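S.K.: Take these sequences, add in the hints, and give me the full structure.
There are 2 protein chains.
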Amino acid sequence: MQTDTRPLILVTNDDGITAPGIRALVDAIKDLGQVVIIAPDSPQSGMGHAITISKPLRVERNDVFKGFESYQCSGTPVDCVKLGHHQVLDRLPDLVVSGINHGSNASINIIYSGTMSAAVEAAVEGIPAVGFSLCDYAYHADFEPCKPFVKSICQNILEKGLPDGVLLNVNFPKADVYKGLKVCRQARAKWKEDFDQRIDPNGRKYYWLVGKFINMEMEAADTDQAALDAGYVSVVPTQFDLTSHSSIDLVRDWKM
Amino acid sequence: MQTDTRPLILVTNDDGITAPGIRALVDAIKDLGQVVIIAPDSPQSGMGHAITISKPLRVERNDVFKGFESYQCSGTPVDCVKLGHHQVLDRLPDLVVSGINHGSNASINIIYSGTMSAAVEAAVEGIPAVGFSLCDYAYHADFEPCKPFVKSICQNILEKGLPDGVLLNVNFPKADVYKGLKVCRQARAKWKEDFDQRIDPNGRKYYWLVGKFINMEMEAADTDQAALDAGYVSVVPTQFDLTSHSSIDLVRDWKM
Chain A
490 MQTDTRPLIL VTNDDGITAP GIRALVDAIK DLGQVVIIAP DSPQSGMGHA
540 ITISKPLRVE RNDVFKGFES YQCSGTPVDC VKLGHHQVLD RLPDLVVSGI
590 NHGSNASINI IYSGTMSAAV EAAVEGIPAV GFSLCDYAYH ADFEPCKPFV
640 KSICQNILEK GLPDGVLLNV NFPKADVYKG LKVCRQARAK WKEDFDQRID
690 PNGRKYYWLV GKFINMEMEA ADTDQAALDA GYVSVVPTQF DLTSHSSIDL
740 VRDWKM
Chain B
490 MQTDTRPLIL VTNDDGITAP GIRALVDAIK DLGQVVIIAP DSPQSGMGHA
540 ITISKPLRVE RNDVFKGFES YQCSGTPVDC VKLGHHQVLD RLPDLVVSGI
590 NHGSNASINI IYSGTMSAAV EAAVEGIPAV GFSLCDYAYH ADFEPCKPFV
640 KSICQNILEK GLPDGVLLNV NFPKADVYKG LKVCRQARAK WKEDFDQRID
690 PNGRKYYWLV GKFINMEMEA ADTDQAALDA GYVSVVPTQF DLTSHSSIDL
740 VRDWKM
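Residue numbers (our numbering), protein chains in the order written: chain A, 490 to 745; chain B, 490 to 745.
Don't take each hint at face value.
Identical copies carry no separate label here, and so any pair may be met within one copy or between two of them.
As the list claims (entries may be wrong) - Dumping the calculated SDA-like pairs for lysine to any residue here, alpha-carbon to alpha-carbon at most 25 Å:
(1) LYS701 / GLY654
(2) LYS694 / SER563
(3) LYS679 / VAL655
(4) LYS744 / LEU670
(5) LYS671 / ASP730
(6) LYS555 / ASP711
(7) LYS681 / ASP665
(8) LYS544 / GLY505
(9) LYS679 / LEU581
By construction, these hints were calculated from the structure, which means they are not laboratory data.
Everything numeric in this text was worked out from a predicted model, so none of it was measured.
M.R.: Here is the structure:
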């Protein structure tokens, strides 16, 4: 299907193929290679690293992006990467780019994020990958200030590669101008849930998940959250080896 | 709702509240404290760290487990932990135990696993947690040999705790007798996808996700996969700080 010799860049997201964020992303990187879009046909925020195993998947070519090959997929962002890599594309992508997400994926948000999980999946499959997010949930958020950073970061990855098993998690603060870029670590944080309990027309209880973000490292200066709060773009080199290497000896000493 | 003074243990899984694996888990740990079950009302395998944000959640008390307080939830395993902690239970659990999963969650499987994501979520919320999985997908898999290990590991966690942000990923090989237990690291592996393409009655293509597990560290002896292949129970201390600390300096040197 592809006969191009330029770098092959697979673009996906979790807000769905019609979201303004993915259009901004394609616009930012369109000169870096052959861009193919394979994104969910409906919003998939909060899907984490979910895959579709109990029902069939659909993938259909569409013409949402003028001048680019694009597909919509019935599955999750991770499904999009798997289907793209193994079924739609006829060669391994040189880069997978996910986003630009409407809303933060900094700190602990990364583990709930379909956008970042798509980038993680690419890294698992050995493909250099990066996810971009803007700390603004609005549909009509202003992605313009992100574009030069998106392009520069993707250019660097294409030129220099990334270590095996490493991807980048890039977040933009909500601002017209950024102070610069900080390479940093994931902040320790959590969401304090406060379920909104309601009664349906049949008299049965139901809940909406709502929560408040709590940065548990407010004092630390070297985290993504600190960089964003100070007006910088945060870049966190990210991995999927979840081993807590420092705890191995401790648990070995247990009597089990 | 709870007036008990014993340790409070929240039990969940991703195979659903009727799965034999969760019954085996409850049976193994029933003497260690007050056990409350909050599990999905339908199978949620492969849901990863998905949360339910675009539709309401239901949680209903049931009597599936004789002698125990139990609830079924319409959401994902992570939703079960969030709802359990913030809505159902009136005190913080002393331990969250997830499983016993029907099928391996060793190596890269951890990132797709609803069972392990429930345990990860507990750790994010500061609750000691462990996930158990048996490398046998059969509905009537034999969980008996797992039980003494499950009990001993939970007892150790209740007595000694775990470092902040650390949980355990425990996998059992398919065997009648285990050689022992190995504390190890997550193997580098991936799934080689081979989508099964079919045509529906309306003439449209659809795909089933099928794949082959590939251990990319066959030679390494210190991984969970190596331990399982040799007949040992694998225990991986696991964290959710996804920062690739070793890559921070490398990316800092880029011109961006």
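S.K.: Does each hint fit the structure? Answer for all of them.
M.R.: These are the hints, each one checked on the structure:
no.	hint	verdict
1	LYS701 / GLY654	between (31 Å within a copy, 19 Å between copies)
2	LYS694 / SER563	between (30 Å within a copy, 12 Å between copies)
3	LYS679 / VAL655	both (23 Å within a copy, 14 Å between copies)
4	LYS744 / LEU670	between (47 Å within a copy, 10 Å between copies)
5	LYS671 / ASP730	both (23 Å within a copy, 18 Å between copies)
6	LYS555 / ASP711	neither (41 Å within a copy, 50 Å between copies)
7	LYS681 / ASP665	neither (30 Å within a copy, 43 Å between copies)
8	LYS544 / GLY505	both (19 Å within a copy, 17 Å between copies)
9	LYS679 / LEU581	between (36 Å within a copy, 15 Å between copies)
When the structure is compared with the earlier hints, violations turn up for hints 6, 7 and for no others.
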